[in-house]
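Residue-level listing of the chains:
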Amino acid sequence: AQKITQTQPGMFVQEKEAVTLDCTYDTSDQSYGLFWYKQPSSGEMIFLIYQGSYDEQNATEGRYSLNFQKARKSANLVISASQLGDSAMYFCAMREGLKGAQKLVFGQGTRLTINP
Amino acid sequence: EAQVTQNPRYLITVTGKKLTVTCSQNMNHEYMSWYRQDPGLGLRQIYYSMNVEVTDKGDVPEGYKVSRKEKRNFPLILESPSPNQTSLYFCASSPTPPPTHYGYTFGSGTRLTVV
Numbered sequence: 001a002q003k004i005t006q007t008q009p010g011m012f013v014q015e016k017e018a019v020t021l022d023c024t025y026d027t028s029d030q031s032y033g034l035f036w037y038k039q040p041s042s043g044e045m046i047f048l049i050y051q052g053s054y055d056e057q058n059a060t061e062g063r064y065s066l067n068f069q070k071a072r073k074s075a076n077l078v079i080s081a082s083q084l085g086d087s088a089m090y091f092c093a094m095r096e097g098l099k100g101a102q103k104l105v106f107g108q109g110t111r112l113t114i115n116p
Numbered sequence: 001e002a003q004v005t006q007n008p009r010y011l012i013t014v015t016g017k018k019l020t021v022t023c024s025q026n027m028n029h030e031y032m033s034w035y036r037q038d039p040g041l042g043l044r045q046i047y048y049s050m051n052v053e054v055t056d057k058g059d060v061p062e063g064y065k066v067s068r069k070e071k072r073n074f075p076l077i078l079e080s081p082s083p084n085q086t087s088l089y090f091c092a093s094s095p096t097p098p099p100t101h102y103g104y105t106f107g108s109g110t111r112l113t114v115v
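From first to last, the protein sequence lines are chains A and B. When we follow this note's numbering, the leftmost residue of the first sequence carries the number 1, and every step to the right adds one. When we follow this note's numbering, the leftmost residue of the second sequence carries the number 1, and every step to the right adds one.
A couple of the hints might just be wrong.
As the list claims (entries may be wrong) - Among the chain B residues that face chain A by a calculated CB cut under 7 Å, a handful are:
1) L43
2) S80
3) G103
Keep in mind that the hints were calculated from the coordinates and are not lab data. Note that the Cβ used here is the ideal one computed from N, Cα and C, for glycine as well.
Excised from the complex, chain A in its bound form (with noise of 0.2 Å):
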C-alpha cells in the first residue's frame, strides 16, 4: 500500500500566486514525521520543511508552510506569493516511528509549473 500519495502529477500557477500541494499518508505509529523537498531542474534534493507527529503547530519556513491536518493525515505544503524559481519538483517524504523503518518513504512528487 502506497505510504505516501501526492494525487498531483503537474501543477501550473500564476506567478505570485499562492500554491498548495497535496500529500497524504498512511501510518498506524503515533510517532512519526513529514517532510518536504524540493527538487530544482539541476536535480539536487534541497530540504524545505518538517512537522513531527506530536507538533501542535504547523510548521512554517519562510514563504513555505505546512498544512498539517492529522485526522485526515494530510499534510499539504502552501508556498506563499510564488516565484518563478519555485518552479520544481516537490517531493513530500515519512518518516515512521522512532525505531525500526530506518528510511523516509518518499511519494512520487508534484512538477510545479510556475507561470509569468
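Take the given structure of chain A and dock chain B to it, following the hints.
Coordinates of chain B only, in the frame set by chain A:
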C-alpha cells in the same frame, strides 16, 4: 562546507560492466543510505547503513551491493548492471537513524544510463 559528495554525476555504461558509484560525507554522520529515483515512483531506498560495518537492505536491493568500511564512505556497487537500473541515484546521510527534524543531507545525484 558540510556535504555529501557523489561521483560520478553522469555515467553511461554497457550491460554487465561492473561499476561503483562513490559517496562520501564530511559531517561524521552515522546513518547513510542509497535511493534511486524513477519517474512516477518517487525515491525508493536501495540500501542503508546504521554505522561502520552495519548495512541492510531497503526496498529495492536486487542487483546492488554496498559496503561501509569507513564512517564517511558508502559506495554503491553494481556488479552486472542491466538497463532496468537506468535511474537517478542519490546518496543521503543523517546524524541519527532514523532521520529526524532535518531529514537527510543528499548528494547531488548520479544519473546512470545502462545500454
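Here is how each hint holds up against the structure:
1. Of the supplied interface hints, the one on L43 of chain B holds, with its beta-carbon coming within about 4 Å of a beta-carbon of chain A, less than 7 Å.
2. With its C-beta approaching chain A no nearer than about 26 Å, S80 of chain B sits outside the 7 Å limit, and its interface hint is violated.
3. Residue-level restraint check for G103 of chain B holds (minimum Cβ-Cβ distance to chain A is 5 Å; threshold 7 Å).
Checked against the numbered hints given earlier, this structure breaks only hint 2.
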